[in-house]
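> These protein sequences, in sequence, are chains R and X. Every position in the first sequence, counted from 1, becomes a number in the working numbering once 12 is added. Every position in the second sequence, counted from 1, becomes a number in the working numbering once 1 is added.
Hints are computed from structural coordinates only; laboratory data are not their basis. Being a predicted model, the structure only gives us computed values, none of them experimental. We put the beta carbon where it would ideally sit given N, CA and C, even for glycine. Check the hints yourself; a few may be wrong.
Claimed, not checked - Below are the SDA-like pairs computed for lysine to any residue, each with C-alpha atoms no more than 20 Å apart in a straight line:
#: 1; chain 1: R; residue 1: Lys188; chain 2: X; residue 2: Phe91
#: 2; chain 1: R; residue 1: Lys188; chain 2: X; residue 2: Gly108
#: 3; chain 1: X; residue 1: Lys105; chain 2: R; residue 2: Ser177
#: 4; chain 1: R; residue 1: Lys108; chain 2: X; residue 2: Ala19
#: 5; chain 1: R; residue 1: Lys188; chain 2: X; residue 2: His107
#: 6; chain 1: R; residue 1: Lys230; chain 2: R; residue 2: Leu76
As the list claims (entries may be wrong) - Derived coverage of chain X by chain R (criterion: at least 3 residues anywhere in the stretch with Cβ under 8 Å from a Cβ of chain R; other residues may be distant):
#: 7; region: 74 to 80
#: 8; region: 103 to 111
What the hints assert, rightly or not - Covered stretches of chain R (chain X as the covering partner; in silico rule of three or more C-beta atoms under 8 Å from a C-beta of chain X):
#: 9; region: 102 to 113
#: 10; region: 164 to 178
#: 11; region: 194 to 200
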Amino acid sequence: MQSKLTFWLLTAVFVLFILFLYGPMIAIFILSFQGPTGGMTFPLRGMSLHWFADLFESSRYGDLGGAFMRSIILGLLAMVITVTVSFFAGLGFRRKFRGSGVLFYLAIISLVMPGVLTGLGIGTLFTTLGLRTNWLISGLGAHLTWTLPFGLLIMFAVLNRFNGSWEEAARDAGAKRTQVLTQVTLPILFPGLIAVALFGLTLSYDEFPRSLLTIGTKNTLPLQVASLTSNVTTPALYAIGTLTTALSLLVIAAAFAAIALTGRKR
Amino acid sequence: MSKVGEIILDKVTRKFGAVAAVNAVDQVIEGGSYCCMIGPSGCGKSTLLRMIAGHETPTSGRILIGGKDVTHVRTGERGTALMFQNYALFPHLSLTDNVAFPLKIHGLGAERRDRAREMLARVQLGHMADRMPSQLSGGQQQRVALARALITNPQVLLLDEPLSALDEFLRLRMRVELKRLQNDLGITFIHVTHTQPEAIALADKVIVMDHGLIEQAAHPREIYDRPHSPYVARFMGGQNVVSARVLTVGDEIQAEGAEGGRYAFAPRAALRAGQEIRFAVRRDKIRLDQGPAGGANALPGKVINVEYQGTFVKVELVTPQAEEFVAHLPESDFFAKPLHFGDEVVARWQPQDVCMLVGSNNSSGDALAH
Chain R
13 MQSKLTFWLL TAVFVLFILF LYGPMIAIFI LSFQGPTGGM TFPLRGMSLH WFADLFESSR
73 YGDLGGAFMR SIILGLLAMV ITVTVSFFAG LGFRRKFRGS GVLFYLAIIS LVMPGVLTGL
133 GIGTLFTTLG LRTNWLISGL GAHLTWTLPF GLLIMFAVLN RFNGSWEEAA RDAGAKRTQV
193 LTQVTLPILF PGLIAVALFG LTLSYDEFPR SLLTIGTKNT LPLQVASLTS NVTTPALYAI
253 GTLTTALSLL VIAAAFAAIA LTGRKR
Chain X
2 MSKVGEIILD KVTRKFGAVA AVNAVDQVIE GGSYCCMIGP SGCGKSTLLR MIAGHETPTS
62 GRILIGGKDV THVRTGERGT ALMFQNYALF PHLSLTDNVA FPLKIHGLGA ERRDRAREML
122 ARVQLGHMAD RMPSQLSGGQ QQRVALARAL ITNPQVLLLD EPLSALDEFL RLRMRVELKR
182 LQNDLGITFI HVTHTQPEAI ALADKVIVMD HGLIEQAAHP REIYDRPHSP YVARFMGGQN
242 VVSARVLTVG DEIQAEGAEG GRYAFAPRAA LRAGQEIRFA VRRDKIRLDQ GPAGGANALP
302 GKVINVEYQG TFVKVELVTP QAEEFVAHLP ESDFFAKPLH FGDEVVARWQ PQDVCMLVGS
362 NNSSGDALAH
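With the rest of the complex left out, here is chain R (with noise of 0.2 Å):
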């Protein structure tokens, strides 16, 4: 009796936590087909795709394209170099040398930091240096500061299941330090490393505090997105997060499939 009563009520409060992390966003993609005369909440007035050919057309949402490129731009750059950073710095990290420990808390504590006061450290550095904050330079580095730290984490968790001794029995084969680093490290951490570029992608992506006083005069989408929430009132807005979910999804697919293919059957 007393199990069957504990089942049904951690269902219930299972079923309220699926609702509550995905019913907003079920309630924006429905909202989003909203019919030309309708509003930003239900009822539906017909199903329509006018929303988002407003987006396209209209000009009065700014330059929304520009800051969704802005943003694939920074995404990508944030992506290759963590990528890059968090390899090397994660096969470093291997070796216990001098100070690691010290380095390796100095690289996590941008993560503690509250985004905002990162963002204004940076932000009032360019101003001290009379430098002007710029998508591409500030905006790309406070970036880093947020998408780093976690590749390296990410890097340490792939790390943990790596065998060194892969890498030695290469050597042994008589294989050079490159050939080593292409044929036997670099296969094997690939999966991980497409997990640390998802991340480093997403979190760039949609990074909002540390851009706030980084980005400089252009936008990038979120930022794009939280300004015209305080103009417009039409569920354009809600087109745009169904358009951007869906870029997710593919980027998130593309990965498994990228995974799928290299990896094979372990």
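Position chain X relative to chain R; hints supplied.
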């Protein structure tokens, strides 16, 4: 024997900080022989193996393989191949590609996969050539590791505890296969182990190590029958170690144990009166009787354990000597006059069965005894 596969260690030392893991080791390992290095963990045997393979560089000293100084030659170019303890098969490559890997590194084209398949067939895994390592059992993984090590036709095959990850049944079977393979190939095998029966069964030469030093290096029979030091006697097993003090030296050495026992044996080493000595007597050379104590080479004791072992019976005694004392009695002798827990007995042996332990290493050697 030609010089091919001969290994000469010349004052090889490897220090980690102030600790010498391997300390000025001199040794010649004949080409084409099967050599086992044995000792408790931390004795330096694995470090020595890794230096021969080139994964570690000696702090000082030289290593020669086949007459060539390879001390600073790169791993993989010194005619050695190492089989790793955990096999270290590449998880992202099929068995064929794993075995072909060394050939690929050496720049071979498509033919490498054919040769890899041949080698896999040789270790009876030809039918699994396209599987991934994770789909194999431990014993099969080991064969793949063996195939990968042998594909480059090394002069010397180095095996780091190759059988320790297998269950008892497989271990015995692979032991036979390793020996047969070594016979077929005629190359030098150096096999690191911490299992005494394995070393004795396989090796032409057993190298017993402790604290970075070679304690004794000889044919297994010599090691087992005439251990150099108390440590070797205890570590290799099958022996009882007795402590005594020399009374008189002459045609016969007379000695007295701290417990008052009298021991007599033929002189085999230069001894002087008053000297503290230790000697070993093989467990299977001990006879037990229940008569009165007295006479030379007799040690009274009480039975504390009896184990039937099939071909013999192992009887453990507690004696006035500090160390454990064990007799292996022939099965028929024992059951003609069975002994029981608590029986008072006298252990006796012949003077010619006494082996003087001239080496000074008196450590217990049971760090890994099983």
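> It remains to establish, for every hint, whether it holds in the given structure.
Results of checking the hints against the structure:
1. Lys188(R) / Phe91(X): Answer holds: Lys188(R) to Phe91(X) is near 16 Å, not above 20 Å.
2. Lys188(R) / Gly108(X): holds, 12 Å
3. Lys105(X) / Ser177(R): holds, 19 Å
4. Lys108(R) / Ala19(X): holds, 18 Å
5. Lys188(R) / His107(X): Given pair Lys188(R), His107(X) holds - Cα atoms ~11 Å apart, limit 20 Å.
6. Lys230(R) / Leu76(R): Roughly 11 Å between the alpha carbons, so the hint for Lys230(R) and Leu76(R) holds.
7. 74 to 80: Answer holds; 4 residues pass the 8 Å Cβ test.
8. 103 to 111: Answer holds; 4 residues pass the 8 Å Cβ test.
9. 102 to 113: Coverage by chain X is violated for the region 102 to 113 of chain R (0 residues, Cβ < 8 Å).
10. 164 to 178: Holds, because 3 residues of the region 164 to 178 of chain R bring their Cβ atoms closer than 8 Å to Cβ atoms of chain X.
11. 194 to 200: holds (count 4)
Checked against the numbered hints above, the structure breaks only hint 9 and satisfies the rest.
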